[in-house]
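For the record, the sequence lines run as chains V and Z.
Reading the first sequence from the start, the letters are residues 1 to 495 in the numbering used here.
Reading the second sequence from the start, the letters are residues 496 to 810 in the numbering used here.
Simulated from the structure, these hints should not be mistaken for lab results.
Wrong hints could be hidden among the right ones.
Which stretches of chain Z does chain V cover? Using the computed rule of at least three CB atoms under 8 angstroms from a CB of chain V, they are [unchecked claim]: (1) 603-612; (2) 621-635; (3) 640-651; (4) 679-688; (5) 698-709; (6) 719-726; (7) 774-783.
No residue lacks a Cβ here, since even glycine has one placed at the ideal position from N, Cα and C.
The lines below spell out each chain.
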Amino acid sequence: MKKKRLIALASAAAMLPGAGLLMTSCKDKANYDLTIAFLSGGRGETYVQALVDAFEETTWGQAYLAENEKESLDVNIISGGGGVIEDSVLNAINSDNTPDVMFLNYNMQNSTTEAFVRARQLVDLTDLLEENVYGEETSLGDKLVPGLLSNYTTQPYGDGHTYTLPAFYSPTGLWYDASRFYDDGKGDEYTPTGTGENAGKYELPRTWAEFWTLGDYLNEQNGNLANVTGNTPALFTYPTAGYFDGFIYSAVAGMAGTDKFMQMLGYAEGIWEDEDVQDALEIVVRLKDYLEPSTVAQANTDGFQQNQQAVMGRADGTAKGTALFVPNGDWLPGEMANSTPEGYEWGFMPLPSKDNDTMSYVNTYLENVYIHRNGGNTDLAKQFLLFYFSDEGAAIVAEESSAIIPTQDALANAAENGIAESTIALYDAYDGNGAVSGSFVATDTVTGVIWNDVLYNDLNTRVFGATSGTTAELLAAWTQRLVSASDQLRAAIIS
Amino acid sequence: MEDRVERLETSERGKTGAPAGANPVRREIDKGKLVFIFGTVGPSLLLFVLFVIIPVFYMFYTSLLRWDRIGEPQFQWFENYRVLFRSDGFWVAFRNTVFLIFFVTIFTIGFALFFAAVLSKGKTKGKTFFRVVFYIPNILSIVVISAIFSAILSPSYGVVKEIANLFNVRYTGWLGNPDTVMWCIVAAMVWQAVGYYMVMYIAGMDSVPDHLYEAADLEGCSHFRQFFVITLPLTWEVIRTTLTFFIISTINMSFLFVDAMTQGEMNSHVLLSFMYEYFGSQYGYAMAIGTVVFVFAYAVSLIIQALTRREVVEY
Chain V
1 MKKKRLIALA SAAAMLPGAG LLMTSCKDKA NYDLTIAFLS GGRGETYVQA
51 LVDAFEETTW GQAYLAENEK ESLDVNIISG GGGVIEDSVL NAINSDNTPD
101 VMFLNYNMQN STTEAFVRAR QLVDLTDLLE ENVYGEETSL GDKLVPGLLS
151 NYTTQPYGDG HTYTLPAFYS PTGLWYDASR FYDDGKGDEY TPTGTGENAG
201 KYELPRTWAE FWTLGDYLNE QNGNLANVTG NTPALFTYPT AGYFDGFIYS
251 AVAGMAGTDK FMQMLGYAEG IWEDEDVQDA LEIVVRLKDY LEPSTVAQAN
301 TDGFQQNQQA VMGRADGTAK GTALFVPNGD WLPGEMANST PEGYEWGFMP
351 LPSKDNDTMS YVNTYLENVY IHRNGGNTDL AKQFLLFYFS DEGAAIVAEE
401 SSAIIPTQDA LANAAENGIA ESTIALYDAY DGNGAVSGSF VATDTVTGVI
451 WNDVLYNDLN TRVFGATSGT TAELLAAWTQ RLVSASDQLR AAIIS
Chain Z
496 MEDRVERLET SERGKTGAPA GANPVRREID KGKLVFIFGT VGPSLLLFVL
546 FVIIPVFYMF YTSLLRWDRI GEPQFQWFEN YRVLFRSDGF WVAFRNTVFL
596 IFFVTIFTIG FALFFAAVLS KGKTKGKTFF RVVFYIPNIL SIVVISAIFS
646 AILSPSYGVV KEIANLFNVR YTGWLGNPDT VMWCIVAAMV WQAVGYYMVM
696 YIAGMDSVPD HLYEAADLEG CSHFRQFFVI TLPLTWEVIR TTLTFFIIST
746 INMSFLFVDA MTQGEMNSHV LLSFMYEYFG SQYGYAMAIG TVVFVFAYAV
796 SLIIQALTRR EVVEY
């Protein structure tokens, strides 16, 4: 009896250490010189560590060490892919180790960046723009590619104060199989297919009218999408509806001009019913009639690469792609490298323009870097950023991430820094075209409203996957959703 | 310690013999017992309170907040619920959840019972082999199963597409059609669960005494009828228990399947995947959905318990 009871008590007591362990608070704040969080993935895993190592050797790094009587910088680097990094950052904040520097973007799963903006937790970097980047006599503001700061991404409150800096920038637009097209340039008479040396190729459409002409020609060939094959392709596919963000921004800027584009980003009243904006939205809805038929079923995390493959054809090169254009960013060739047919060449163009006399607009996808107010090492963090945007920093990022940071010199030195020709060529998209960067003004959360879903994520289900409804009806329903959501968001703009 | 245990022992002996009114001794007994009871029950009670009771109440509380987990939380009473019940997305997710509970349960239990009946008492050849085969899906991870079904259903390279091609039928992917997408999820969930419940029912059916079937055979009762008059009533308690399990697990599992197969595209959200949409950016709203799921799951299991209550057949 005695023994049994002792065993019972002992085994019950054995549960306690487990509970105790879980309850132990891990709030021992470590004293790091700098904590940096970054989203690993498209830009690789190594660039932050390489930057930190180099920064430690700079005169600034050495001065900091001498001042604090330290041997080496104690830098805490938090990294993770999308879906992981945001939780890691939240955990770090909750355990009082808020990162100083964060390379995170808008529109991530948990909207972490938006939440920092909403809570006004980011350090105002406006003054930093006046300071010289490391080792040079150029100020950060002059160093950056012009035009990247006047948007709601970098100035989320629209008050002229800069809170996030563009860490990476890339043009988004339409990608295609270069071997299937020839380019007669804008303004020449358009024919869907070429003759002579261009026989068997399609002419690259430069205006929306040309784009639809090509689409109608293709639909004639493929029996209105009933028989889409490598030889009779459809006009268009998209990886997931999320890729319509840049598409919509470019289309609105192109069809309605930059003034209305900026009004749209500020949720201006009546903007969605504006005739020109409606024209832009109609382009999106109209794509439904030219869409590669498998697209909708594959527009999810399992299938989106199949949609991208649809532009490339079979990986073994035995069949051409079943779609001609896909909207995407500069990471696409790298992402699809494993299934790229031999000798395949990517083509890239901005969205078609309204007509022959107007510009196309390239949407620039900005990835951000910012400093959090509660990190505790703001001064060193600022120096780190000034180092990042220096030519030395640009060379390191080029080496580690094969990416061009948004300074004018980084683009000029890209070839020297070992960036691939094809990547540098992408930035030609800005030549002769307008540039916009889509990001909406900061608002408080509106319960139940996820703006990105209304604007583009829902398109797959509500427009392209809809089993009934004409183009006009689908457009009207979408407009209605946009109006209702932006009415609520307008009332919640942070002023 | 020694001393206390000593007293415990005395008290055991004294239980029957001690005269009424021997108060000092009795108090000692109770104290000793209390220490023992709390010693054994306490830790698990503590864990239960810590990891079940408190989180549930915390969920109720946070469901009244507007909070993104980074800024300051704002208390706003039942605003989250008001918005929730007026949201189309919520009702779609609710409808889908009920749809899955209904059809997945019917098909899974139906198939599981059928296979169990065939494989338990029957003299089917390769019985063990089939038991193993049916059970395999259950040990695969949900992500693997979803990948298998996504591959089968792929409009680019799936088996379904090839079969459709044979008959010259155009196939553009059932996962891309709001009319078929839920059935695809039903199929994957049923395929995953049948083996597990089959094993449970086999265990239940094997415990039914053989002589009942022998007697039925002598009376000329068909095997089909035997199933309904002997097997089913005698395994009813097992079925009833699994039914409750099953409904709760369908609510949970549907999230994994939807998350892996469709991410809610084509109006295929279920309550938990719908909740997860808001988890990061609108934590309070997500917890309001969580509360609804909690109440709903509880209510459904109570209803099922009530509906299936019948006298236990003794044998």
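Status of the hints after comparison with the structure:
1. Note: the stretch 603-612 of chain Z has 0 residues with beta-carbon separation from chain V under 8 angstroms; the three-residue rule is not met and the coverage is violated.
2. Only residues whose C-beta sits within less than 8 angstroms of a C-beta in chain V count toward coverage, and the stretch 621-635 of chain Z has 0 of them, not enough to reach three; the restraint is violated.
3. Given as covered by chain V, the stretch 640-651 of chain Z passes the check, having 7 residues with a CB less than 8 angstroms from a CB of that chain where 3 are the minimum.
4. Check on the stretch 679-688 of chain Z: 0 of its residues sit with their Cβ under 8 angstroms from a Cβ of chain V, so the three-residue criterion for coverage is violated.
5. Counting residues of the stretch 698-709 of chain Z whose CB lies closer than 8 angstroms to any CB of chain V gives 0, which falls below the minimum of 3, so the coverage claim is violated.
6. Coverage of the stretch 719-726 of chain Z by chain V is violated. Counting CB-CB distances below 8 angstroms, 0 residues qualify, and the rule asks for three or more.
7. With 6 residues having a beta carbon nearer than 8 angstroms to a beta carbon of chain V, the stretch 774-783 of chain Z meets the requirement of three or more and the stated coverage holds.
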